[in-house]
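Order-wise, the sequence lines are chains P and L. Going by our numbering, the first residue of the first sequence is number 1, and it counts up by one from there. Going by our numbering, the first residue of the second sequence is number 1001, and it counts up by one from there.
It should be emphasised that the hints constitute simulated quantities derived from the structure, not laboratory data. Take these hints with a grain of salt, some might be off.
[To be verified] Below, simulated DSBU-like cross-link-like pairs (lysine-lysine); rule was C-alpha separation at most 35 Å, straight line:
#, chain 1, residue 1, chain 2, residue 2
1, P, 41, L, 1003
2, L, 1038, P, 41
3, L, 1106, P, 64
4, P, 20, P, 66
5, P, 14, P, 64
6, L, 1038, L, 1070
7, P, 55, L, 1106
8, P, 64, L, 1003
9, L, 1016, P, 64
10, P, 20, L, 1038
11, L, 1106, P, 20
12, P, 66, L, 1106
13, L, 1070, P, 41
14, P, 66, L, 1003
So you can see what is in the structure, the chains are spelled out below.
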Amino acid sequence: GAVVSQHPSRVICKSGTSVKIECRSLDFQATTMFWYRQFPKQSLMLMATSNEGSKATYEQGVEKDKFLINHASLTLSTLTVTSAHPEDSSFYICSARDSAGGPRSVYEQYFGPGTRLTVT
Amino acid sequence: AQKVTQAQTEISVVEKEDVTLDCVYETRDTTYYLFWYKQPPSGELVFLIRRNSFDEQNEISGRYSWNFQKSTSSFNFTITASQVVDSAVYFCALSEYSGYALNFGKGTSLLVTP
Chain P
1 GAVVSQHPSR
11 VICKSGTSVK
21 IECRSLDFQA
31 TTMFWYRQFP
41 KQSLMLMATS
51 NEGSKATYEQ
61 GVEKDKFLIN
71 HASLTLSTLT
81 VTSAHPEDSS
91 FYICSARDSA
101 GGPRSVYEQY
111 FGPGTRLTVT
Chain L
1001 AQKVTQAQTE
1011 ISVVEKEDVT
1021 LDCVYETRDT
1031 TYYLFWYKQP
1041 PSGELVFLIR
1051 RNSFDEQNEI
1061 SGRYSWNFQK
1071 STSSFNFTIT
1081 ASQVVDSAVY
1091 FCALSEYSGY
1101 ALNFGKGTSL
1111 LVTP
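All chains, full assembly: derive it from the sequences and hints.
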């Protein structure tokens, strides 16, 4: 089956620093990837939609200057949390949509294993 | 606007009991997709099922079964003869089109005790 990786799986950083999270589709091409955030004991909330070669689309309330998204290739999207603060501590999960599509034009999407960010 | 409601926040059952997780959704779209995911303590989402709005057939996969009823906008999930390994948070989700971002419910935490 299709695999999506995230790196790192866990990161601890100091307040005020930036951290980059990578999301890779390992065996398929993904023109579109999604970034979600999950606070402890809460649901997954969509942060932004990442499109290869174009600017990301951010959900209402998500600061685009704080959460920088780059989707420079068909298999890689990165999320950079700039000037991180303790309230940014969360579980960040990406998903990637298989560009190929399947029967009846159903596009599969696959989730990465997540990155746990702790800001001290 | 789309909305997914999982009214059960936490459920606790004893092993071998059957348990049903409820999911009610709202959407104005005639075409949509419904999902169930399992999230064990590790955090990684495990895909369980996808159902499109035109397919109301119930599905059974081993101990898992799903009941999709458009008339009540529900997509309920039943685990038969629950096991300790079923303990996890279960999310119901909805998307407008295939491959689009998912709108998740708040999740139901299931605890199965021996």
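Hints and how they fare:
At most 35 Å may separate the alpha-carbon atoms for a hinted pair to count; residue 41 (chain P) and residue 1003 (chain L) meet this at roughly 19 Å. For the suggested pair residue 1038 (chain L) and residue 41 (chain P), the alpha carbons sit about 14 Å apart, so the restraint of at most 35 Å is met. The suggested pairing of residue 1106 (chain L) with residue 64 (chain P) holds, with an alpha-carbon distance near 25 Å, which does not exceed 35 Å. Distance restraint check for residue 20 (chain P) and residue 66 (chain P): the Cα-Cα separation of roughly 12 Å lies within the 35 Å cut-off, and the hinted pair is therefore satisfied.
Among the hinted pairs, residue 14 (chain P) with residue 64 (chain P) is consistent with the structure: their alpha-carbon atoms are about 21 Å apart, no more than 35 Å. Between the alpha carbons of residue 1038 (chain L) and residue 1070 (chain L) the distance comes to roughly 23 Å, so the proposed pair stays at or under 35 Å and holds. Taking the CA atoms of residue 55 (chain P) and residue 1106 (chain L), the gap is about 29 Å. The hint holds against a cut of 35 Å. Between residue 64 (chain P) and residue 1003 (chain L), the direct Cα distance comes to roughly 25 Å. Compliance with the 35 Å bound is thereby established for this hinted pair.
Restraint check for residue 1016 (chain L) and residue 64 (chain P): not satisfied, since their Cα atoms lie roughly 48 Å apart, outside the 35 Å limit. Of the supplied pair hints, the one linking residue 20 (chain P) and residue 1038 (chain L) holds, its CA atoms being roughly 27 Å apart against a limit of 35 Å. Taken as a hint, the residue 1106 (chain L) and residue 20 (chain P) pair is honoured in the structure, with Cα atoms around 27 Å apart against an allowance of 35 Å. Annotation: proposed proximity of residue 66 (chain P) to residue 1106 (chain L) holds, straight-line Cα distance about 25 Å (limit 35 Å).
In summary, the hint linking residue 1070 (chain L) to residue 41 (chain P) is supported, as the alpha carbons are separated by about 29 Å, within the 35 Å threshold. For a cut-off of 35 Å, the pair hint linking residue 66 (chain P) to residue 1003 (chain L) stands: about 27 Å separates their Cα positions.
Violated hint for the displayed structure: number 9, the only one.
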